[in-house]
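A.B. asks: Build out the structure end to end from the sequences listed, making use of the hints.
Heads up: the protein sequence lines correspond to chains V and W, in order. 1 is the number of the first residue of the first sequence in the working numbering; add one for each residue after it. 1 is the number of the first residue of the second sequence in the working numbering; add one for each residue after it.
In case anyone wonders, no lab produced these hints; they're calculated from the structure. Be a bit skeptical, because a hint or two may be false.
[As the list claims (entries may be wrong)] In silico SDA-like cross-links for lysine to any residue, where the CA-CA straight-line distance does not exceed 25 Å: (1) W:LYS91 <-> W:GLU107; (2) W:LYS178 <-> W:GLU220; (3) W:LYS91 <-> V:MET300; (4) W:LYS91 <-> V:PRO195; (5) W:LYS101 <-> V:PRO195; (6) W:LYS308 <-> W:SER333.
Given the structure is predicted, the values throughout are model-derived calculations rather than measurements.
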Amino acid sequence: MARRGRQALFFLLPMLILVVAFYILPLILTAWISFTPLTNWRVRDQLDDFVGLENYVNLYYLARYDPDFHKVLQTTLVFVTFTLFINVVGGLVLAILTYLIDERISLAYRLLWLLPRMTPLAVFGLLWYYFFYGGPQGTLNSFLLKLGVIDEPVRWGTDPAMLPYSAWAIIVFVNGLVGVSYGMIIFYSAFKNIPRELIIAARVDGARTWEVIRHILVPMVRWHIVFVTVWQLLSLITSYTHLFVLVQWSVVDKWYGTTLALYVFNTAFFDVKNQGFAAAAAVILVIIGSILGLVTLRIMRFSQMISPPRGDI
Amino acid sequence: MVEVRLQGVVKRFGRTTALKGINLEVRDGEVMVLLGPSGCGKTTTLRIIAGLEKPDEGRVYFGDRDVTFLPPRERNISMVFQSYAVWPHMKVYENIAFPLKIKKVPEQEVRRRVKWAAELLQIEDLLDRYPHQLSGGQRQRVAVARAIVVEPEVLLMDEPLSNLDALLRVRMRSEIKKLQRRVGVTMIYVTHDQTEAMVIADRIAVMSEGRIMQVGPPEEVYEDPANTFVAGFLGSPSMNLVEAEARPSGGSTAILLGHGEIRIPKQLEGGRVIVGVRPERILFKPPSEDHVALEAEIDFIENLGSDKIIHLRLGDTLLVAKTVEEPPGPQGSRVRVYVRLRDLKVFRPSGERIL
Numbered sequence: 001m002a003r004r005g006r007q008a009l010f011f012l013l014p015m016l017i018l019v020v021a022f023y024i025l026p027l028i029l030t031a032w033i034s035f036t037p038l039t040n041w042r043v044r045d046q047l048d049d050f051v052g053l054e055n056y057v058n059l060y061y062l063a064r065y066d067p068d069f070h071k072v073l074q075t076t077l078v079f080v081t082f083t084l085f086i087n088v089v090g091g092l093v094l095a096i097l098t099y100l101i102d103e104r105i106s107l108a109y110r111l112l113w114l115l116p117r118m119t120p121l122a123v124f125g126l127l128w129y130y131f132f133y134g135g136p137q138g139t140l141n142s143f144l145l146k147l148g149v150i151d152e153p154v155r156w157g158t159d160p161a162m163l164p165y166s167a168w169a170i171i172v173f174v175n176g177l178v179g180v181s182y183g184m185i186i187f188y189s190a191f192k193n194i195p196r197e198l199i200i201a202a203r204v205d206g207a208r209t210w211e212v213i214r215h216i217l218v219p220m221v222r223w224h225i226v227f228v229t230v231w232q233l234l235s236l237i238t239s240y241t242h243l244f245v246l247v248q249w250s251v252v253d254k255w256y257g258t259t260l261a262l263y264v265f266n267t268a269f270f271d272v273k274n275q276g277f278a279a280a281a282a283v284i285l286v287i288i289g290s291i292l293g294l295v296t297l298r299i300m301r302f303s304q305m306i307s308p309p310r311g312d313i
Numbered sequence: 001m002v003e004v005r006l007q008g009v010v011k012r013f014g015r016t017t018a019l020k021g022i023n024l025e026v027r028d029g030e031v032m033v034l035l036g037p038s039g040c041g042k043t044t045t046l047r048i049i050a051g052l053e054k055p056d057e058g059r060v061y062f063g064d065r066d067v068t069f070l071p072p073r074e075r076n077i078s079m080v081f082q083s084y085a086v087w088p089h090m091k092v093y094e095n096i097a098f099p100l101k102i103k104k105v106p107e108q109e110v111r112r113r114v115k116w117a118a119e120l121l122q123i124e125d126l127l128d129r130y131p132h133q134l135s136g137g138q139r140q141r142v143a144v145a146r147a148i149v150v151e152p153e154v155l156l157m158d159e160p161l162s163n164l165d166a167l168l169r170v171r172m173r174s175e176i177k178k179l180q181r182r183v184g185v186t187m188i189y190v191t192h193d194q195t196e197a198m199v200i201a202d203r204i205a206v207m208s209e210g211r212i213m214q215v216g217p218p219e220e221v222y223e224d225p226a227n228t229f230v231a232g233f234l235g236s237p238s239m240n241l242v243e244a245e246a247r248p249s250g251g252s253t254a255i256l257l258g259h260g261e262i263r264i265p266k267q268l269e270g271g272r273v274i275v276g277v278r279p280e281r282i283l284f285k286p287p288s289e290d291h292v293a294l295e296a297e298i299d300f301i302e303n304l305g306s307d308k309i310i311h312l313r314l315g316d317t318l319l320v321a322k323t324v325e326e327p328p329g330p331q332g333s334r335v336r337v338y339v340r341l342r343d344l345k346v347f348r349p350s351g352e353r354i355l
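C.D. replies: Following this line, the structure appears as structure tokens:
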């Protein structure tokens, strides 16, 4: 047993080192910083200057009274919920479509949907910057102006008359476009692994395409749906790069385009450079993420899926 | 219950022609077995009957109804697959109930019919289990129950027993036959296993390279093969097929075989022929009926317990005989062997039967 333990440790070691160096240690460091008044990276003066729960108390007051922070929390909720929906359900729909059509067309179609993921962030951001630009030369505006749908250019993501919904729609749309291909790839390969006869049998039994999808295809990729849901949930809670570009280039309103993750980033590195406070918010974010992840696994009955089969095989 | 007719069915996949004009009539309530080696087109034929493939030429009729281009669900058929195709995410009950639910049968009727099918297959205790909790044989029963629960007009079976172990296969094949009798459904059964075919079939269609070589009851196909392919494919060990020369002379024919000569009281065309005789029809005692006799040397004896396979040498020609009795002598001894005239089959070199 000891020998087996040593062997296991040997094979786990490279991963353990990575996890400790790039996750556990930064996490401890972040938690540490969250109890200090660290600002502007004055590490030498402030890193051992403990202020107790002050940052957390400030965060609490902010959450209670600050209207901008309220916007951030609302945006986080809306952004994560709707983008997650697009990523999972949209990915599932795309995978089903590509599974049902001819293989050659399917391949081209899947590649097309992978483009947003393959495009460098800055290029992709620039594309949408042009597209939603508020002046008459913005792609969407010039298109609609020429068609005569609108008389003057619309500031899509920033016009107070359309906030918060327009800003939310844009950030959900842009991120959904990037994320949806992930689910599509996972679900498509899962469908490909279903033995053909299971689908033919349903066809012979009289099932129409919709019934095959509902009763056979989707239930058979449950495991993959759980995986994609949890994975995308956690990455949506913590991701901010696309939002950063959209907010920075004023494609969308500052507060209705900022989620908690972006807020932490901006607080620490961009706006006020208050690292202590940002660390406190980051710790809260990690806790929320962990809880949501566990709840999702529980709701989707993950433990049942990994339990070994009983009875004779 | 319905009769199934295939008329001139041709199916091509790219450059290969899988079916080269299939004509077949399956009678109402009959078990038709499509038998042949892999790649002979038997499964393609079944898939065309099921509606899973569309033929490039020809027609498929169920009774008077032309179903050639109807989808499977408008044909009132069921199918059992080699891999069972039992859905792993549904319990046994849900698996069996699925085709009924798709057809919007009322819930109470679904329960009654599932119970009926489960009892018929003796799996009523398993209804609450998932497929991964079942053995291969039990899964096979679930697949058959699901197929009969809708009381189909035609029941299609695609090598349903191939994944079972030998013992279970023997039991299941007679059970399937009994079940078919009870339900009275028209059944089309694909297999490459000739014993299975002989046991289950009312009639067998032997297929090779996209054509039907012969259709008939098992005894007929076995006793009266239409050509060398059918003769060689059925039976174990397979029929002795040896080249010989026919010399017709005044109402009878001499056939030169090995060093010997056999005389057939019939005028055949002369030239090269293929003579066929089944191993168990090579006798070591003279029968009372008309027969021919030959001198042979015992080359080698295989003892299979109940049967003995005796390899004989007639000059350059090798023959295999099968007997349940004691071998007529030790290896190397010379014996006289006898074949009844009616057990002697003669074919042209191209394969067709002439006698």
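A.B. asks: So which hints don't hold here, by number, going up?
C.D. replies: Hint check: nothing fails, all pass.
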